[in-house]
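> The primary structure of each chain is shown beneath.
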Amino acid sequence: GENVEQHPSTLSVQEGDSAVIKCTYSDSASNYFPWYKQELGKRPQLIIDIRSNVGEKKDQRIAVTLNKTAKHFSLHITETQPEDSAVYFCAATLGGASKLTFGTGTRLQVTL
Amino acid sequence: GAGVSQTPSNKVTEKGKYVELRCDPISGHTALYWYRQSLGQGPEFLIYFQGTGAADDSGLPNDRFFAVRPEGSVSTLKIQRTERGDSAVYLCASSLNPFNSTGELFFGEGSRLTVL
Numbered sequence: 001g002e003n004v005e006q007h008p009s010t011l012s013v014q015e016g017d018s019a020v021i022k023c024t025y026s027d028s029a030s031n032y033f034p035w036y037k038q039e040l041g042k043r044p045q046l047i048i049d050i051r052s053n054v055g056e057k058k059d060q061r062i063a064v065t066l067n068k069t070a071k072h073f074s075l076h077i078t079e080t081q082p083e084d085s086a087v088y089f090c091a092a093t094l095g096g097a098s099k100l101t102f103g104t105g106t107r108l109q110v111t112l
Numbered sequence: 113g114a115g116v117s118q119t120p121s122n123k124v125t126e127k128g129k130y131v132e133l134r135c136d137p138i139s140g141h142t143a144l145y146w147y148r149q150s151l152g153q154g155p156e157f158l159i160y161f162q163g164t165g166a167a168d169d170s171g172l173p174n175d176r177f178f179a180v181r182p183e184g185s186v187s188t189l190k191i192q193r194t195e196r197g198d199s200a201v202y203l204c205a206s207s208l209n210p211f212n213s214t215g216e217l218f219f220g221e222g223s224r225l226t227v228l
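The listed protein sequences correspond, in order, to chains A and B.
The opening position of the first sequence corresponds to residue 1 in this note's numbering, with each subsequent residue numbered one higher.
The opening position of the second sequence corresponds to residue 113 in this note's numbering, with each subsequent residue numbered one higher.
Hint data in this document are derived by calculation from the structure and do not stem from the laboratory.
Ideal Cβ positions, reconstructed from N, Cα and C, are used throughout, including at glycine.
Take the hints with a grain of salt, since some may be wrong.
To be verified - Derived contacts from chain B toward chain A, CB cut-off under 10 Å, selection only:
#1 Y145
#2 Q149
#3 G152
#4 Q153
#5 G154
#6 P155
#7 P173
#8 F178
#9 P182
#10 L203
#11 E216
#12 F219
#13 G222
Claimed, not checked - So, partial list: chain B residues that the calculated Cβ filter (under 7 Å) puts toward chain A:
#14 F157
#15 Y160
#16 D169
Based on the provided sequences and hints, a complete structural model is requested.
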């Protein structure tokens, strides 16, 4: 089955700096890659996603890039703010009715 | 309801007891998923329903775990003879219709299970 690896496990940046989180996946047939943000004690919430027919997608301060050849995708957050502090999970799926396989998460801390 | 609702939010039980966790998905969402999240880990897939049927139960760890969705809406995750290793947050998620396109998963707040 699909295996998703994520790093770093923790990331601390100063407010205003950029943060990058990287994931790799194992199944070349995977075609949908969402990112979820989970604040402490809260539910995971989708922040951005990308499909395999696209190399990059941007939404305000958040962007995701996908390299299908290398089977890795990354989340980029620019101009970080304290409210960006949370755990971020990447995930991959074959699409359709297939399950999402999540990475182990990255705890992002944005310091003042 | 407005979102995915899970009850109870917290459940403390003793080893060997039987537990039921309930999920009420967003109205109209045909797909329903159960995930388990241990401390410091990502959500781990357990089972997926499309309508009333379990389309994929490959994530259930053993036969102590069972889930139903008899009317295609509310789902119940059942755990028999609980063990301390079952302690985790059990997340339910629903999606509008994953068949034609992979839709966003909407998660509930989770049920925190503690087995003493």
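> Now tell me, hint by hint, if it's right for this structure.
For each hint, the structure was consulted:
no., hint, result
1, Y145, "holds (7 Å)"
2, Q149, "holds (9 Å)"
3, G152, "holds (7 Å)"
4, Q153, "holds (6 Å)"
5, G154, "holds (3 Å)"
6, P155, "holds (5 Å)"
7, P173, "violated (14 Å)"
8, F178, "violated (18 Å)"
9, P182, "violated (20 Å)"
10, L203, "holds (7 Å)"
11, E216, "holds (5 Å)"
12, F219, "holds (4 Å)"
13, G222, "holds (7 Å)"
14, F157, "holds (4 Å)"
15, Y160, "holds (6 Å)"
16, D169, "violated (10 Å)"
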